[in-house]
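Student: Given next are the chains, with one letter for each unit.
There are 2 protein chains.
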Amino acid sequence: MTDESCSPALTPAEWRARFRRGANIRPTAGLAPGFVQANLVVLPRALAFDFLLFAQRNPKSCPLLEVIEDGSIEPKAMAPGADLRTDLPRYRVYRDGVLAEERADLVALWTADLVSFLIGCSFTFESALIEAGIPVRHIEQCTNVPMYITTLPTVPAGVFHGPTVVSMRPVPADKVIRAVQVTSRFPAVHGAPIHIGDPATIGIRDLARPDLGDPVDIGAGEVPVFWACGVTPQAVAMASKPILMLTHAPGHMFITDRRDAEFAVL
Amino acid sequence: MTDESCSPALTPAEWRARFRRGANIRPTAGLAPGFVQANLVVLPRALAFDFLLFAQRNPKSCPLLEVIEDGSIEPKAMAPGADLRTDLPRYRVYRDGVLAEERADLVALWTADLVSFLIGCSFTFESALIEAGIPVRHIEQCTNVPMYITTLPTVPAGVFHGPTVVSMRPVPADKVIRAVQVTSRFPAVHGAPIHIGDPATIGIRDLARPDLGDPVDIGAGEVPVFWACGVTPQAVAMASKPILMLTHAPGHMFITDRRDAEFAVL
Numbered sequence: 493m494t495d496e497s498c499s500p501a502l503t504p505a506e507w508r509a510r511f512r513r514g515a516n517i518r519p520t521a522g523l524a525p526g527f528v529q530a531n532l533v534v535l536p537r538a539l540a541f542d543f544l545l546f547a548q549r550n551p552k553s554c555p556l557l558e559v560i561e562d563g564s565i566e567p568k569a570m571a572p573g574a575d576l577r578t579d580l581p582r583y584r585v586y587r588d589g590v591l592a593e594e595r596a597d598l599v600a601l602w603t604a605d606l607v608s609f610l611i612g613c614s615f616t617f618e619s620a621l622i623e624a625g626i627p628v629r630h631i632e633q634c635t636n637v638p639m640y641i642t643t644l645p646t647v648p649a650g651v652f653h654g655p656t657v658v659s660m661r662p663v664p665a666d667k668v669i670r671a672v673q674v675t676s677r678f679p680a681v682h683g684a685p686i687h688i689g690d691p692a693t694i695g696i697r698d699l700a701r702p703d704l705g706d707p708v709d710i711g712a713g714e715v716p717v718f719w720a721c722g723v724t725p726q727a728v729a730m731a732s733k734p735i736l737m738l739t740h741a742p743g744h745m746f747i748t749d750r751r752d753a754e755f756a757v758l
Numbered sequence: 493m494t495d496e497s498c499s500p501a502l503t504p505a506e507w508r509a510r511f512r513r514g515a516n517i518r519p520t521a522g523l524a525p526g527f528v529q530a531n532l533v534v535l536p537r538a539l540a541f542d543f544l545l546f547a548q549r550n551p552k553s554c555p556l557l558e559v560i561e562d563g564s565i566e567p568k569a570m571a572p573g574a575d576l577r578t579d580l581p582r583y584r585v586y587r588d589g590v591l592a593e594e595r596a597d598l599v600a601l602w603t604a605d606l607v608s609f610l611i612g613c614s615f616t617f618e619s620a621l622i623e624a625g626i627p628v629r630h631i632e633q634c635t636n637v638p639m640y641i642t643t644l645p646t647v648p649a650g651v652f653h654g655p656t657v658v659s660m661r662p663v664p665a666d667k668v669i670r671a672v673q674v675t676s677r678f679p680a681v682h683g684a685p686i687h688i689g690d691p692a693t694i695g696i697r698d699l700a701r702p703d704l705g706d707p708v709d710i711g712a713g714e715v716p717v718f719w720a721c722g723v724t725p726q727a728v729a730m731a732s733k734p735i736l737m738l739t740h741a742p743g744h745m746f747i748t749d750r751r752d753a754e755f756a757v758l
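Quick mapping for you: the protein sequence lines, in order, are chains A and B. So our numbering is basically just the index in the first sequence, starting at one, shifted up by 492. So our numbering is basically just the index in the second sequence, starting at one, shifted up by 492.
Bound conformation, chain A alone:
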């Protein structure tokens, strides 16, 4: 991990070009700081209306940054000139809701009826939290953020339904309000928390045993704060067992040309 902790200062386009030619395959956390990174979900056109409607109804867990219609591989708003089939470091292929393989690119699998969804990622608001003097424990501990499947239902749309997945960050009690304010400014990347405090209220039994990611230490005087998580739409899509779903591999996000600050409101 020592190489990876020291990243060259490349632009988003330079990182995408490296990934395109198969170089520097690695998780994207910390790369191109200040630029928005995105989750990728690709589905056949027949499921696209339902998934777009699901996103419209669940904007906190599924904040859409851009939808790329069938027939196109270029995210014109988020990264003009990029190729969604090649410009992420690593991809996953799900068939009938089951992980079939991980791949370096999607060129051989791409068909003209695929619709691509770029979904906001919490990296953006985590930078804002740190800048506001609020510690982000899993970054301090160099682990993946702890994620939990809650009893909060998403609003269903067509074939898509399922529980909300949350990520948790422990926040010092005297900084909880500031954390709400800071993340409220970023509705395009999950926005304000959806719960503060007692995990049992949203159906979480044991913070030390997350459903995904790694547990983190919670210090005395710290309050667990829960944000809707970008894993929700993937989990929900997977549960509907689409014939084909293509995604980024966990942590291997799409690095866009848009700056975090462009997505702040007020």
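Among the hints, a few may not be true.
A pair holds if it fits inside one copy or across any two, identical chains being indistinguishable in the list.
[To be verified] The calculated lysine to any residue pairs, modelled on SDA-like cross-linking and capped at a C-alpha distance of 25 Å, are:
{"#": "1", "residue 1": "K733", "residue 2": "D542"}
{"#": "2", "residue 1": "K568", "residue 2": "P679"}
{"#": "3", "residue 1": "K568", "residue 2": "V715"}
{"#": "4", "residue 1": "K568", "residue 2": "V647"}
{"#": "5", "residue 1": "K552", "residue 2": "D597"}
{"#": "6", "residue 1": "K552", "residue 2": "I694"}
{"#": "7", "residue 1": "K568", "residue 2": "T643"}
{"#": "8", "residue 1": "K733", "residue 2": "E714"}
{"#": "9", "residue 1": "K552", "residue 2": "R701"}
{"#": "10", "residue 1": "K568", "residue 2": "G654"}
{"#": "11", "residue 1": "K733", "residue 2": "T603"}
{"#": "12", "residue 1": "K733", "residue 2": "A538"}
{"#": "13", "residue 1": "K568", "residue 2": "P648"}
{"#": "14", "residue 1": "K552", "residue 2": "A753"}
{"#": "15", "residue 1": "K552", "residue 2": "E594"}
{"#": "16", "residue 1": "K568", "residue 2": "N636"}
{"#": "17", "residue 1": "K552", "residue 2": "D542"}
{"#": "18", "residue 1": "K552", "residue 2": "V647"}
{"#": "19", "residue 1": "K568", "residue 2": "Q548"}
{"#": "20", "residue 1": "K667", "residue 2": "V757"}
{"#": "21", "residue 1": "K568", "residue 2": "I686"}
{"#": "22", "residue 1": "K552", "residue 2": "R750"}
{"#": "23", "residue 1": "K552", "residue 2": "G654"}
{"#": "24", "residue 1": "K568", "residue 2": "R584"}
{"#": "25", "residue 1": "K568", "residue 2": "H653"}
{"#": "26", "residue 1": "K733", "residue 2": "R537"}
{"#": "27", "residue 1": "K733", "residue 2": "G563"}
{"#": "28", "residue 1": "K667", "residue 2": "T578"}
{"#": "29", "residue 1": "K552", "residue 2": "R510"}
Just so you know, these hints were derived from the structure itself, not from any lab.
Based on these hints, arrange chain B on the given structure of chain A.
Tutor: Same frame as chain A, but now just chain B:
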């Protein structure tokens, strides 16, 4: 108009029930103050993905409050129990992009493949402007807001494309910044202005001759401020000449059960 200027204090559900039985047919401005009113666009399922994508790409001109899938006539989030076919005071029917008729209800025209879109309306932010001490001229003058077709393109999606339509409100120069702040709090109803000042910058030749609505007086020391307008999605949908499009009649909006304040951010 004297009767209409004195409205009984009915709840949204009571107004909808009156409209359902054909009573009190009238424009909805000023009715059920404090509750969100919505534009209605109904399209066949075959066009629904493109229109939903258009809305996702143009959130300021086409802020979606709710999408009601084919097979349903109930806006469960905005007004549980309501019937979109009967609960607006007046409707319009467009065939191949041409106004075919106005009707009191849509019952006879409804088919199982229709998808309904409820779109935010500026009534919500106008109340907030007035509460903030910012005059709203067309309300003072009891006319319709002036609207202009600009040279600002919308972001196209599938069959839908066209120019952005804006509404204009003259604001005293020392209140322009406050007007930006106040309306920024309501992204679900067009949000912040999209232009301040010189109309020519966005392709408007003569403020005294709006493309839709009525001209208003602009006083000395007042600056024209332009917001994306809910007429945009209707105009864009109409331009694509869908085989069938059902809408509310101008000014005859859907009165929801949700409060304006619920849609304020920060």
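Student: Against this structure, judge whether each hint is valid.
Tutor: Against the structure, the hints:
Proximity of K733 and D542 under a CA criterion of 25 Å is satisfied in both settings, with 13 Å inside one chain copy and 24 Å between copies. Taking the shortest alpha-carbon separations for K568 and P679, both the intra-copy value of 21 Å and the inter-copy value of 23 Å come in at or below 25 Å. In this assembly of identical chains, K568 and V715 lie within 25 Å of each other by CA distance neither inside one copy nor across copies; the values are 40 Å within and 34 Å between. Only between protomers do K568 and V647 lie at most 25 Å apart by alpha-carbon distance; the minimum there is 11 Å, versus 29 Å within a single protomer.
For the homomeric pair K552 and D597, neither the shortest alpha-carbon distance inside one copy (29 Å) nor that between copies (35 Å) is at most 25 Å. Taking the shortest Cα distances, K552 and I694 sit within 25 Å of each other inside one copy (16 Å), while across copies they are farther apart (33 Å). Proximity of K568 and T643 under a CA criterion of 25 Å is satisfied inter-copy only: 21 Å between copies versus 37 Å inside one chain copy. Neither within a single protomer nor between protomers do K733 and E714 lie at most 25 Å apart by alpha-carbon distance, with minima of 39 Å and 58 Å respectively.
For a Cα distance limit of 25 Å, the shortest separation of K552 from R701 inside one copy, 24 Å, qualifies, whereas the shortest one across copies, 42 Å, does not. Proximity of K568 and G654 under a CA criterion of 25 Å is satisfied inter-copy only: 18 Å between copies versus 31 Å inside one chain copy. Taking identical chains as interchangeable, the C-alpha atoms of K733 and T603 lie at most 25 Å apart only when both belong to the same chain, with a minimum of 19 Å there against 29 Å between chains. Taking the closest pair of Cα atoms, K733 and A538 come within 25 Å of each other both inside a single copy (13 Å) and across two copies (23 Å).
Proximity of K568 and P648 under a CA criterion of 25 Å is satisfied inter-copy only: 12 Å between copies versus 29 Å inside one chain copy. In this homomeric assembly, K552 and A753 come within 25 Å of each other (Cα to Cα) both inside a single copy, at 18 Å, and across copies, at 19 Å. Within a single copy, K552 and E594 get their C-alpha atoms no closer than 28 Å, and across copies no closer than 38 Å, so neither meets the 25 Å cut-off. For the homomeric pair K568 and N636, neither the shortest alpha-carbon distance inside one copy (30 Å) nor that between copies (37 Å) is at most 25 Å.
Both within a single protomer and between protomers do K552 and D542 lie at most 25 Å apart by alpha-carbon distance, with minima of 17 Å and 22 Å respectively. Both within a single protomer and between protomers do K552 and V647 lie at most 25 Å apart by alpha-carbon distance, with minima of 11 Å and 23 Å respectively. When the C-alpha separation of K568 and Q548 is checked against a cutoff of 25 Å, the pair qualifies both within a copy, at 20 Å, and between copies, at 14 Å. In this assembly of identical chains, K667 and V757 lie within 25 Å of each other by CA distance both inside one copy and across copies; the values are 20 Å within and 20 Å between.
When the C-alpha separation of K568 and I686 is checked against a cutoff of 25 Å, the pair qualifies only between copies, where the shortest distance is 21 Å, while the shortest distance within a copy is 31 Å. Taking identical chains as interchangeable, the C-alpha atoms of K552 and R750 lie at most 25 Å apart whether they share a chain (20 Å) or sit on different chains (19 Å). Taking identical chains as interchangeable, the C-alpha atoms of K552 and G654 lie at most 25 Å apart only when both belong to the same chain, with a minimum of 14 Å there against 29 Å between chains. Taking the shortest Cα distances, K568 and R584 sit within 25 Å of each other inside one copy (23 Å), while across copies they are farther apart (36 Å).
Within a single copy, K568 and H653 get their C-alpha atoms only as close as 29 Å, which misses the 25 Å cut-off; across copies the closest is 16 Å, which meets it. When the C-alpha separation of K733 and R537 is checked against a cutoff of 25 Å, the pair qualifies both within a copy, at 15 Å, and between copies, at 23 Å. Both within a single protomer and between protomers do K733 and G563 lie at most 25 Å apart by alpha-carbon distance, with minima of 23 Å and 23 Å respectively. For a Cα distance limit of 25 Å, the shortest separation of K667 from T578 qualifies neither inside one copy, at 41 Å, nor across copies, at 49 Å.
Taking identical chains as interchangeable, the C-alpha atoms of K552 and R510 are never at most 25 Å apart, the minima being 32 Å within one chain and 36 Å between chains.
The structure shown violates the earlier hints numbered 3, 5, 8, 15, 16, 28, 29.
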